[in-house]
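A.B. asks: Residue numbers (the working numbering), protein chains in the order written: chain P, 22 to 266; chain B, 4 to 224.
Hints listed in this document are in silico derivations from the structure and should not be mistaken for laboratory results. Bear in mind that the values here come from a model prediction, so they are computed numbers and not experimental data. Hints are not guaranteed to be accurate.
What the hints assert, rightly or not - Interface residues of chain B toward chain P, partial, derived using beta-carbon atoms under 7 angstroms: (1) P58; (2) L82; (3) C96.
What the hints assert, rightly or not - Here are the computed lysine-lysine pairs in the DSS-like style, where the Cα-Cα straight-line distance is at most 30 angstroms: (4) K207/P / K58/P; (5) K41/B / K176/P; (6) K220/B / K177/P.
Even for Gly, the Cβ is constructed at its ideal location relative to N, Cα and C.
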Amino acid sequence: MEFHVNSPILFVLVGAIIALVVAQSVFFLARAVKRAKELGIAKDTVKKTVTSAAVFTIAPAVAVLVGVVALSKSLGVALPWLRLSVIGSITYETVAAGNALEAAGSGAGTTITDPAVFITIAWVMTVGIAAGLILVPFVTKKLQRSMGKIGMKDKKWGEIFNNAMFLGMISAFLGYVFCDVALVVKGDMSGLIPVCVMAVSAVVMAVCGLMATKARIRWLTDYALPLSLIVGMVSAIPITALLGG
Amino acid sequence: MKKELNYMDSVHRYGRIWGIIVAIALLSFPLILSLIFKTAPDFGVLLAGIIATAPMYWAVGIVEIFTYVPMLGAGGTYLSFVTGNISNLKLPCAIDAMERAGVKATSEEGEVISTISIAVSSIVTTLIILIGVICIVPLTPILESPVLVPAFDMILPALFGGLAVVFISKNAKLSVAPIILMLALFIFVPALNASTVGIMVPVGVIFTVIVARILYKRGVL
């Protein structure tokens, strides 16, 4: 068959794989909802979990879509569609595609016409990040069992351990927000952009928390995170204009 | 107790089956491309590309499994490692859901809530990308408009600012040490940036757990 980055057969193939992945999510969703009922988790809690997860996902998903658009210039639409719907994050796929394009001696931005280059890139993108995909089915059970034992004997420690994990992850990303502030001493204020955006988002979250408890606007807690995310992202537009990107 | 074992066991059983099926489908995708277009990959380029990409991402991937499994729960793990975007989407979504439902990640209630939030998030992400792919022609100028670029660039700070408030306000004493450590590292080590933050997540997690243990033993927490 004649090759083209946007060949219909590519869309059929990619569509089939993505349908399989969605089926997996639907399967686990249905079973978890059923189990929630058996465990006596309030129907309202399940409903709120579903709606706020859906609302929260919108902005990050659109950001992923931006990655599809960016990669589609050289790779066509089908391959980035697959790669960013499964496993890939924008950072990884861009790096992987870039490495493969560089190895092939082809520049980014020009549409690939050689099927061998295209297939090679697909291989690099697939193999480069397959560790989790291949290992998770085999190690998760054991790992989860041993982790589940923490806090069995000492409930209080179990709870602290749980919070410590989340805090550890959050602190790493907070550090990342500050990674360019050292540029300020050189007169480059752009390092402060992520710090200001984070501060805006934090303030929105704090205000939501206060209003939810003090003014008893209960629904606000369910949407506080997506709200702080969106307001933070929107604030990045004037902040970047002010501090220079 | 017996029932709990049953549900968890079934999650692992189906997780493995689905995981293996999806892994085969994804890994065979480039192979099928070769068959359809009757073209072999360029092996020299392939090797160079894999050497440039795989070592770092395999290392990160293996560390990620150990770091994220206890936070995501079993069902959440089986889904997240297929659908990706863990630290910037799935995990914050699950953490927020568990926090609001008042359940622990290591309990079965946490397992169920985490799975529901991650499954919904995965489905919604796929739908949005599908809509985007169908409407890519009219959407491209909007998504690439210079006005919106800063907003998408700043998604992580916007996400973690809100999340940090929730967790720091609830664990003020515990959060001091890890935040100081991470700020110092990221400010003073130039090699730490957007592409290396993934490596620092397990460092932060292990460090915070150790600090928590010390503070707990001393009766501070």
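A.B. asks: Checking each numbered hint in turn, tell me which of them this model violates, lowest number first.
C.D. replies: 1, 4, 5
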